[in-house]
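A.B. asks: Each chain is listed here by its residues.
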Amino acid sequence: MQCLEVEELLSPYLDEVLALPESEDVTSHLAVCASCREKYDVLKETVNFIKDLPEVEPPPGFSALVMSKIAIPTREKAGYGGVFMSFRKSGWLRACSFAAMFVVILGITTLMYGMPNQWYQRISSLLVHEQQNEPAPDSETKNDGSADTSETGPKEDSPAHKNEPSNAPGSPAGLPVVPQKMAEKEEAIITQVAYGNIPASNKKLNNLVLDATLALSTEDPSDVPEKIANLADDNGGYLVPGGSQEEGTLTVKVPADRFNYVLSGIREMGDADTRRVAGEDVSGKISSYESNIRDLANEERILQQAMGKAAPLAESEVAQARLNKVQTDMEQQKKLYSKLLTDTQTATIKVNLR
Amino acid sequence: MQPADEILIERSKNGDMDAFEQLVHRYENKVYTVAYRFIGNHADASDLAQDTFLRLYHALPSFRGESSFMTWLYRITANVCRDEIRRRQKYHFVSLDNETENNGDHIMSRVSGRTPSPEEVVEQKEFNGMIQECIDSLNKEHRLILIMREVQGFSYEEIADILKCSLGTVKSRLSRARQAFKEKFNDRREL
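If you read the sequences in order, they're chains D and S. For our numbering, count along the first sequence from 1 and bump the result up by 1171. For our numbering, count along the second sequence from 1 and bump the result up by 780.
One should not assume that every hint holds.
To be verified - Per the computed footprint, the stretches of chain S lying under chain D, defined by three or more beta-carbons under 8 angstroms from a beta-carbon of chain D, are:
| id | segment |
| --- | --- |
| 1 | 802-808 |
| 2 | 813-821 |
| 3 | 829-839 |
It should be emphasised that the hints constitute simulated quantities derived from the structure, not laboratory data. Using N, Cα and C, we set each Cβ at its ideal position, and we do this for glycine too.
All chains should be modelled from the sequences, with the hints used to inform the complete structure.
C.D. replies: What follows is the structure, encoded as structure tokens:
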């Protein structure tokens, strides 16, 4: 066997993965060739340099970080759902998906409304048709004859325009006006949002309530509460007062963005055994509270407008009672909503001292 | 006494987060070391190691114990590193945190028999840093196969299986990687 051939085989020879005849040939060659023998020794030495490299420790709190991330992506996945998740995976897939959706929508729209140049006329005529066929807001009142002024009041302010043609006075000929119902709805939503004191969007909020429970063993647990209190304080949090320190349980509240850092710091105070690291997704609850508050704010506005009009005393009293109930409910919902938002911004860490 | 891997795995499969965290604790050094040796800096190594454990968490229900847990976890780690290569090739990624960080924090525990002098600690730290620099300067395929073999201890068959290539390719690629490493090492030693 020649030196060049042997050099090619030194690496698998080192790992003892050569077939027997080849292996024996290399062994024989190395026994008589000093140059190849030296190359083999150098190769073995340099490979061992890598094998002998020390283990590298991850930064403190690494496992807590992993555990908190496990809680969060799971919730996100559940929140977005299958097909939407797939849109996020690949730019090509996303582009193709949107292109396919556009083609499908274009096709359906063409089937329904004809070719694109006919869409404007078609939609305009539909809008006119909708306005002309829409029942008047007070038609139900007229039908049942009850004439409940407290409910019809706000609607009586503008009864006539419901049956007006699409070309309202003053509007350019041929252009449909925005349906009054839509305008009212938009105005109502804007008013509700402002009145209900709800953020215009909660998309930027982190809708996770983070909490962790861990058992901490230390040689001297007496100074641990002070250390934990200081750590919490340094990170904008606090040790919950009146906790059951005698029973060995401390509760710490910290800003959600300092959760991992504080948790890591507590773990470093002794031998920690993490029992739970979780992030509860409260997006659904937040949406529910926002919806409830908006509905109640809307009802409150309607009742207040109705009470501002002349009405029989008995009906005013009924409206006032209802208004009181709505306002009480709204205050309660706002408190719960506010608490939930606070919870998403504040993480809880419970420490059982041993 | 620490519970066996099998017990922690079964408990983790049943949703016991504490058991899973114990697994993370048990293997975080191994996984992190591979990630660090592959990527060469702590910031990216932490990301890769986290990604490995997240994948482990989601894949755990499919673990049937046909190989050892350690081997299985190392396969996931190698796959994460391999995917990182693909991702960086795809986006021509250039790390802003590319400098090699010397690591000699564990020299004390490695040297058996006596405590090394401060000078020896510094020398060893510098030497380990140079070895890491040599690894970093290899192309990614060579770096990955070298780490899979020398750090993770995979067999040729296992490497072929993970990288989805033939045994012959593993042999030749590993041989070239070792040769390239040896040349980088010699170049640096002569400086």
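A.B. asks: Is the coverage entry for the segment 813-821 of chain S by chain D consistent with the three-residue Cβ rule at 8 angstroms?
C.D. replies: holds (count 3)
A.B. asks: Tell me whether the statement that chain D covers the segment 802-808 of chain S is true, taking a Cβ distance below 8 angstroms and needing three residues at minimum.
C.D. replies: Since 3 is at least three, the answer is holds.
A.B. asks: At a Cβ distance under 8 angstroms, does chain D reach at least three residues of the segment 829-839 of chain S?
C.D. replies: holds (count 5)
Every hint from the earlier list agrees with this structure, and none is contradicted.
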